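Q: As you go down the protein sequences, you meet chains W, C, D and L in turn. Be aware that the first sequence starts at 34, since it is given in our numbering, and climbs by one per residue. Be aware that the second sequence starts at 41, since it is given in our numbering, and climbs by one per residue. Be aware that the third sequence starts at 17, since it is given in our numbering, and climbs by one per residue. Be aware that the fourth sequence starts at 415, since it is given in our numbering, and climbs by one per residue.
Since the hints were derived computationally from the structure, they do not count as laboratory data. Remember, predicted model here, so these are calculated numbers, not experimental data.
Here are the simulated DSS-like pairs of lysine-lysine, each with C-alpha atoms no more than 25 Å apart in a straight line:
#1 L:K786 - L:K799
#2 C:K80 - D:K224
#3 L:K612 - L:K585
#4 L:K812 - L:K765
#5 C:K231 - L:K818
#6 D:K90 - W:K116
#7 L:K541 - W:K214
#8 D:K159 - D:K59
#9 D:K41 - D:K283
#10 C:K366 - W:K147
#11 D:K59 - D:K93
#12 D:K159 - W:K116
#13 L:K765 - L:K786
#14 L:K896 - L:K692
#15 L:K750 - L:K786
#16 D:K283 - D:K90
#17 D:K41 - D:K59
#18 L:K786 - L:K818
#19 L:K786 - C:K231
#20 D:K59 - D:K90
#21 L:K583 - L:K541
#22 L:K765 - L:K750
#23 D:K305 - D:K41
#24 L:K585 - L:K454
#25 L:K692 - W:K342
#26 L:K902 - L:K692
#27 D:K93 - D:K283
#28 L:K799 - L:K818
#29 C:K231 - L:K750
#30 L:K750 - L:K692
#31 L:K818 - C:K366
#32 L:K583 - L:K454
#33 W:K147 - L:K765
#34 L:K583 - L:K612
#35 L:K765 - L:K818
#36 D:K283 - D:K159
#37 W:K350 - L:K692
#38 L:K818 - W:K147
#39 L:K812 - L:K799
#40 C:K231 - L:K799
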Amino acid sequence: MISERTLPLLSAIAVLLILYGYGSFAYNGFFGLRLAGYLLTDNAFIIVTAVGMAFVILSGGIDLSVGSMIAFICALMAFLVVKLNLHPLWAILISVLVGTCFGTIMGTIIAVFKIQPFIVTLAGMFMFRGLGYVINTQQVKIDHPFMTTLSDFGVYIGQGELNFVAMVMLVLLAVGVIVSKYTRFGHNVYAIGGDSNSAALLGVNITGTTIRVYALSGFYASVAGILFAVATGSAYPEVGIAVELDAISAVVLGGTLLTGGVGYVFGAFIGGMTFGVIQQLINFDGSLNAASTRIVIGVLLLAFILMQKVILIWARKVTAKPV
Amino acid sequence: MMNLKGLSINPKIWGPILSLVAIIVIMGIIDPGFVRIEFKDGRFYGSLIDVLVRATPTAIIALGMAVVIGTRGIDLSVGSVVAICGAVAAMLITETDLSFASVMVLSLAAGGVIGMLNGIMVSYIGIQPIIATLILMVSGRGIAQLITGGRSVSFDSVAMDIIGSGMFLAIPVRIWIAAGLLLLTILVMRKTAIGLFIESVGANARASRYVGIEARLFKMFAYVFSGICAALAGVILIADVGIAEINRLGLWLELDAILAVVLAGGSLNGGRIYLGLTIIGALIIQTLTTIIFSSGVPVEYNLIVKASIILAVLLVQSPTTQAAIKDLNMKRKGVRT
Amino acid sequence: AELTVGFVQTGSESGWRTAFTNATKAEAEARGYDFKFADAQGKQENQIKAIRSFIVQGVDGIVLAPLVTTGWDKVLKEADRAGIPVVLVDRGLDSDPSLYVTSVGSDFTMEGAMIGAWMAVETEGTCDIVELQGAVGADAAIKRQAGFANVIENFPGMQIIASQTGSWSSTGGKEVMESFLKSIGGENICAVWAHNDNMAIGAAQAIKEAGLQPSEDILIASVDAITDIFKTMADGETNVTLELSPYQGAAAFDALEAHLAGEDVPKRITVPGGLFYPETAAEEYARRK
Amino acid sequence: MNMNVATAVDEAPPLLSIQNLSKGFAGVRALDDVSFSIRKGEIHALLGENGAGKSTFIKVLTGVYSRDAGQILFEGEAFHANNSGHAQSLGVSTVYQEVNLIPTMTVTENLTLLNQPRRFGLISPRKAEQRAREMLERVGLNIDPSEQLDHFSIAVQQLIAIARALGTKAKLLILDEPTASLDADEVSRLFELMTELKAQGISIIFVTHFLDQVYRISDRITVLRNGQYVDTYNTAELPQSELIRAMVGKSLDELSKDTGAESRAVQDTLFAIDQYGKQRCLEPVDLTVARGEIVGLAGMLGSGRTELCNLIFGVDSVDSGEMTLAGQSQSIRSPKQAIDAGMAYCPEDRKVDGIVAELSVRENMILALQAKRGWLRPIPMAEQKAMVEEMIDRLSIKTPNMNKPIGELSGGNQQKVILARWLLTHPQLLLLDEPTRGIDVGAHHDIIEIMNELCEQGMSLLVASSELEELVVFAHRVAIMKDRRKVKELTGSEISQQSIVAAIAQ
Ligand SMILES: Nc1ncnc2c1ncn2[C@@H]1O[C@H](COP(=O)(O)OP(=O)(O)OP(=O)(O)O)[C@@H](O)[C@H]1O
Ligand SMILES: Nc1ncnc2c1ncn2[C@@H]1O[C@H](COP(=O)(O)OP(=O)(O)OP(=O)(O)O)[C@@H](O)[C@H]1O
Ligand SMILES: [Mg+2]
Ligand SMILES: [Mg+2]
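All chains, please: the whole structure from these sequences, using the hints.
A: Quick look at the structure:
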């Protein structure tokens, strides 16, 4: 069903396909299950973070703490597995719980004390990074057979591997989409993002919903941290720097408005993949120096957005309701 | 009591100022050396002076940021603009014979042009501010690297030394610059109708359009101004050390600038702009940093200390806490009468 | 046939890094390689993506400048499975050595020790040192710190009395040094040990502005040997810098070619660095500018 | 009148009893010791001037604002709602004054928010849509509920909000100015529903400024004035003049109800549009307005009045037709151009298109004039103050001072500020879309007087209004819109409520 509301998402998908099509046409090996598998794996933890972020942004907020949360969770995992010799399964459980708790605390501060989310989560960003440093300032190898089993687990589809990390991402994406569309909580998120005053007058529990939104974001970010730890089998304090910006842009590129209330959780996946494809285009080209790499990323982003706009305008014209 | 009543006209305005004073006073009690100011070799010397000096770049950028945030926008590119304009200034000084004035004008103009690009993307193309400025945040540093060929550029310039560490009437020149800019901005915003229009556009863009305000033009203006501010900060930053390290120059400054604006009570949802308080916000952030550096906190605790104090400041200023305090006061009074 | 080689760089966080990239590229061009470059912008995940893209493209060899020492096992195994040899440059890895051909680079611990030794000699074993670190948790910082600490341990009169991060930049270095000068007092500081040249340049400025003479009242030692430090040194404002060679590409390519030719390659190739002093600074500056 | 007759007669315990309720804002006592009660199954009108405290009362009752003092008993038990949702769960359902729905969600999502039908624990969109259709049907709306809410005009949104409140099972229903932008048909429909609910034993609190509606539907009336309780009356026993006196505090001269304005000879045409239209939006329209003439625009919901005003003012761009203003041909593409050409436009949706909530009353009022003068020529503060003060006085705007954020004013007073904003620009042609929406009787009277005065001075007005009574009073000519085209024009003595209704129905 093509409605006005889905147009931004659809145009984002269209542009992603155009980019991917261009890569397949221009570079050997770009098209194919192998790179597709890699794209899913390599961008999994950004996408997982972005799914949590999508809820936050849809609710009209923002969460800058996710990058540091990932670092903190990695450090915590390393601490639990290496220092305390816990089984990774326990470590994962504890880490997710702690991450979700921290998210809940931020949400509570935002909702109860009515402080802008930007600044609360910015403080969270400093705090979690700092906590990560305190747990350990070293680069630690998380050596445990279970972790290796997880990271090596995967099914091959032709040349491409759908591995554990990618699977978790896809599951969490599906969960996110369902929660946003088919639960009361999801609708409440859209409502407070659309107009929080009206939502309050309609009887939406703003405080509760806000707290849950940040708890959810904390949950997704901590899973992203665990995925990072699993994928690399290591932890270091500088993990996830600026991931919050990547996640926010992934969400926005996926057609979600930063002002809240408008967009789709699935857009986070599209946005994340778009970033991944742009990066691989540059890697496959391989001729850019550091300076041009940055510039080209910027230019491609701009091109992506402009194409999206053009498609949007065109689609609006075509689908506009006749009187 | 009377006095306090007078002060409590608007907790929004007094919050940041009192927070700053409280932080300094507490620190002064813990370590009297922190608040000591000496007069030495024709200049003031002391940690508080350092705070003022170090805060100028952030404060200047935050001024521009405050205006942009007033339009309900955000400018993530300022850090990169700092790098670009620092690079431009350094290259002009080392590679050309231009007079210092022309160097300044060209560098600031570079900032203005980049700001205009942001402005065009946001207000004429309609890209969301965070993404529009992210584009230049990412590619801007690349541009700076192109300008210098990826190396850092050191230079010798008397005029730059004066900007970086010179004194005028025993007060660092850069403080004069920041104060001048603040004054000029306040004048432009409040003595013309620009301030009103920007606040109106930020608070309700649709209604502003209905009254005939050219919303796009004023949004654009905000980004141009922010670009120029960032350029000025860039020049000051390179003048400080006599070298333009484009790879790190201005890195993460955008976060501090935004933080300053928000500490000053500015809302990221647009509307009211508090210029003077923004400077206070920048001073709060810098005071924290300086305290952390001079207090001997182990490095890995830096961020925790910073986050905790910011949170404390926010919690005390929050509407909920204020209301609770008021309630308590009322109850106390109620008991007395 | 000409070789296709992919080079995965960490990013472009410093002038030294840029010089390293340029030198490597020039070397590859001189050898007529089809040279593919990936800039990871300071993120390990981007480096992993780049390695994988080189695997998919089927390059003949990969040169990797790892951002961190851990977390490479999986992707290196993938390269191994694809039969693509990997050569490390700049720093080593905490991985099974069979996963890479060799590790070319300098020895951070050694560097820290060299600076420590220089300082011990210069101050005759008595010195209160302030340390300017880079980012917390950077591998280079940790190892240099360890090497430095190993040496000064032997001198009861030497200790680090304050340590802060100057975030690798001269403005950062200047700001931290200013605070140290106020809180500790210039007269109580004997030397500055800066983990890179930029922070040393900033520290020298701060010392000057506090009315002291850098390099005399307070010694300054740093690492990297970037061009600008020679100017500062020539002006008599810092005492010593340790060169980190940006010319590791040649050694790496040699090793790669040898490996492809079926020869045995040692697991560790150290490129020499050396200390530079003010005496030769002016000359070096002119040469490198 | 200490012991009021109404409660004395009634012995049954009231559904809701309010005792000594007070609420203050900085500088204002919005509610001052208010006590009265609501019976089971009655329609209780809550009346008072703009800023009397009606909306505040409702918000305190439903927990949106905390009360400073006082007690509320609901079915004999202490009632303390923490927020609107809580109140709802306790059996009090409310439609607040401004439309408070979520503009970015679909009509279905809005209607079923907090009460979505589910299947297997998840929301079932199909069932939700079905339920939404049923709810819409009750209020006689035939729209596609899968469309986004803000695609509909404010009046339709108003109806949707009402449909939503009716759909929740409540013992007490509160409607704060639900009829402000509805036309006669919708109002009748709503009243039928209210009567139906009343028969089921549901009580309704009803706020309006239309006194005729009060008499048509309500059982009892409570009047507030300046935040204070005046009295409660049985509607049937209270003459209208008494009611007005109770509300205003003094007796108002019989509202001048002349049979209609004289038509003016259209000799001196100020404004003319010729085949002005836009595809999918408005069929080409011809219309003229003479100097000093008031032209009314009548029509049903969605008939295209607002669209026409938007096109004239350049909010939307036309794709056909020509415009002349004061003898000059105009091509208007933006409000700015329209203002420069000498027009002004008071839009329908004041919350979205009118007020800038954070800015003060003063700033809101001078905004248009300042924009007209440009940013380089700020209006001196003294001049601003004088102008604003005069307007506050002239329109009797109730505000403690001119620096209060306009968002904190009562709805009617916000409307007056927006009107003042445009009067200050001294336009040649003033477009008003539902200008008296939410304005009380006294002020309504004043505004009509001001409009007459303005046109005497040579200003021309084009007024879209759903209030036929009002149109009949002041319009020299009425253009009737239907299905996005102009269907008829009535002049002078042809203008009457009947003739307009007939033209619309044709
Ligand atoms: N949030 C608020 N902050 C400050 N003052 C307020 C606030 N809300 C209402 N007031 C003030 O309380 C008084 C009563 O306002 P209220 O909205 O209850 O009036 P009303 O009777 O509903 O008027 P109207 O018919 O115009 O809607 C007004 O003077 C208004 O300025
Ligand atoms: N009864 C209705 N049924 C369907 N759509 C409607 C209805 N009323 C309004 N609309 C929608 O609202 C939009 C605005 O109509 P417009 O405001 O121009 O009409 P209007 O004559 O001013 O009516 P109103 O009294 O509602 O302001 C139209 O685009 C139409 O889609
Ligand atoms: Mg009201
Ligand atoms: Mg209308």
